[in-house]
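Heads up: the first sequence at position 332 corresponds to 332 in my numbering, and the numbers run straight through without jumps.
If you're looking for bench data, these hints aren't it; they were derived computationally from the structure.
Here the structure is a predicted model, which is why all the values come from computation and not from measurement.
C-beta: ideal position from N, C-alpha, C; glycine also.
Any given hint could turn out to be false.
Claimed, not checked - Calculated lysine-lysine pairs in the BS3-like style (CA-CA distance at most 25 Å, straight line):
#1 461 with 445
#2 301 with 335
#3 433 with 221
#4 5 with 147
#5 323 with 313
To be verified - Just the calculated beta-carbon pair ranges, DEER-fashion:
#6 66 with 276: 38 to 44 Å
#7 102 with 245: 37 to 43 Å
#8 296 with 89: 55 to 61 Å
#9 395 with 237: 45 to 51 Å
#10 245 with 142: 38 to 44 Å
#11 66 with 367: 39 to 45 Å
#12 201 with 97: 41 to 47 Å
#13 146 with 373: 35 to 41 Å
#14 331 with 84: 54 to 60 Å
#15 395 with 245: 50 to 56 Å
#16 201 with 121: 20 to 26 Å
#17 422 with 310: 50 to 56 Å
#18 422 with 65: 42 to 48 Å
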Amino acid sequence: MSDQKLPSRAEDFSEWYNQLVLRAELADYAPVRGCMIVRPYGWALWENITAALDSRFKATGHVNAAFPLLIPRSFIEKEKSHVAGFSPELAVVTHGGGEELEEPLVIRPTSETIIGHSYAKWIQSYRDLPLLINQWNSVVRWELRTKLFLRTLEFFWQEGHTAHATLPEAEFETRQMLDIYTDFAVKEAAVPVIPGRKSDSERFAGADQTFSIEAMMGDGKALQAGTSHNLGQNFAKAFEIRYLDKGGVLQHCWTTSWGLSTRFVGAIIMVHGDDQGLIFPPRLAPIQLVIVPIFRTDEEKSSVLECAHTLRKELAHAGIRVKLDEREGSSPGFKFNDWEMRGVPLRLELGPKDVAKGSVVLARRDRPGKEGKAFVAQQGIGAAVVQLLEEIQKALFDRALAFRKANTHETADYEEFKTAVEKGFAFSWWCGKAECEAKIKEETKATMRCIPLEQPGGSGKCVHCGDASTEKAIFARAY
RNA sequence: CGGGGCGUAGCGCAGCCUGGUAGCGCGCCUGCCUUGGGCGCAGGAGGUCUGGAGUUCAAAUCUCCACGCCCCGACCA
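All chains should be modelled from the sequences, with the hints used to inform the complete structure.
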């Protein structure tokens, strides 16, 4: 990386993203086209994401398990819309142990089928329900156009799969998990999202209904950041997942599935980052505070480092993820820029003057330059940092929300609509017809992202065809 | 899967047109010096020029064939 500066976001958002992911050492390209190596710093962020989600899953009664990577091809073919949706992007294993296999094996693109097969064996009676299992794994979809974190051949995620006795229970579960994703995005990632319902054409292959959370990236494009599907009885019928109800009648189960992937890392990058680099939300940041020691002479060095070590211990004790940058041969100025690029939310500068005064300089990543710097007493530093991190967390959310609001337009007129989706979201009345949706996509490149759960009420005329409609939808260009 | 671009040191590139000693910047290593916003100086290490075949006394350079990657469009988390 010879260039010190990243391309600016305004100039070339895509290149800004590509370079940042590599330079911040979040991920690297793999030898196989479209695959991704997640580097330790990127994985540390993902681990914090998984921890925040996993505890929410457990709190709502879900348990983790592991299902196999390889699936008999016939399984995929059992649910007809499922196979139609996924067959173009399957990786298929045809040989094993040097011999051609009798039945090709598919590398899981998602696990509804193999889990459905197990559920059919495990579920006998209403007493076995609900069955609430999640798994953390990776899946493979043969994507043709890839981008680190956002779309890769193999990606990491969690997939939850549940089985219920009744439709209302499955509906509740689908919505509950959507709420959990929303809560996670807002509280942990400081990413404002719009929970809503997908159109028929954007629905998961094999689902009756798909819900998603949609977020606006820094370039105004939309990113689907998590999905929750009500699978109805489609998979239950394909795999004979049945239970005996209280009255002794054999019934098909109602199933759901829901997932959130490493794509969310891309969302965090694109929602919060600026021209200096990443900005991580404090709650998920692998390093919440970095200490940069500053000294000239050997004497200064020993006193500054001694003080730095003491502060590090104290901050770690206060529960802060802290790093002391003791690299020799790099100037403080270099380190400032380096950690800013890597998105560390708070920097603590410690020089001889600070040691003498018993203070430190705290610099906020979300406020560049002097404005974000403040002298803070070493006494009680832990509490001060905890509070500052909370402020940053909130400021990031507020800024992202303000950005989304500024770039979301409630358009009634199609010409206005076209302008709105050039650089943001359009929130407009929509008749619900697939034909209309397709035309809009063809004419503006914008897709129907979701019909937000939160509706203004009333009715209006479809922004495209003018037909009567009762719901407003979000349209945008999307990743 | 179509269109475009590119494969030369870890990264970014020049050299190719007009064949003849493998270059530059950044990074890396060593030492000195510096350090409050991307320091400086000196020395040093590092290359099957993507692979294969061909033309030639001689190929990074010319020809042919593969392969890979990136970007842009159609499809997807």
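Here is how each hint holds up against the structure:
Of the pairs offered as hints, the one joining residue 461 and residue 445 holds, with about 21 Å between alpha carbons and a cut-off of 25 Å not exceeded. Restraint check: the Cα-Cα separation between residue 301 and residue 335 comes to about 16 Å, which is no more than 25 Å; the hinted pair holds. For the given pair, residue 433 sits about 23 Å from residue 221 by alpha-carbon distance, which is consistent with the 25 Å threshold. Taking the CA atoms of residue 5 and residue 147, the gap is about 21 Å. The hint holds against a cut of 25 Å.
The suggested pairing of residue 323 with residue 313 holds, with an alpha-carbon distance near 10 Å, which does not exceed 25 Å. For the pair residue 66 and residue 276, the supplied restraint of 38 to 44 Å holds, since their beta-carbon distance comes to about 40 Å. Checked against the hint of 37 to 43 Å, the pair residue 102 and residue 245 passes, with Cβ atoms roughly 39 Å apart. Here the CB-CB span from residue 296 to residue 89 is close to 59 Å, well matched to the stated 55 to 61 Å.
Between residue 395 and residue 237 the beta carbons are some 50 Å apart, a value that agrees with the proposed interval 45 to 51 Å. Our hint of 38 to 44 Å for residue 245 and residue 142 holds, since their Cβ atoms are close to 41 Å apart. About 44 Å separates the C-beta atoms of residue 66 and residue 367, a value consistent with the hinted range of 39 to 45 Å. Restraint check, residue 201 to residue 97: a C-beta distance of roughly 42 Å satisfies the suggested window 41 to 47 Å.
Our hint of 35 to 41 Å for residue 146 and residue 373 holds, since their Cβ atoms are close to 40 Å apart. At roughly 59 Å, the beta-carbon separation of residue 331 and residue 84 lies within the given 54 to 60 Å, and the hint holds. For the pair residue 395 and residue 245, the beta carbons lie near 52 Å from each other, so the given range of 50 to 56 Å is met. Distance hint check: the CB atoms of residue 201 and residue 121 are about 34 Å apart, inconsistent with the given range 20 to 26 Å.
Hint check: residue 422 to residue 310, Cβ distance near 54 Å, so the stated range 50 to 56 Å holds. Under the hint 42 to 48 Å, the C-beta atoms of residue 422 and residue 65, about 45 Å apart, fit the expected range.
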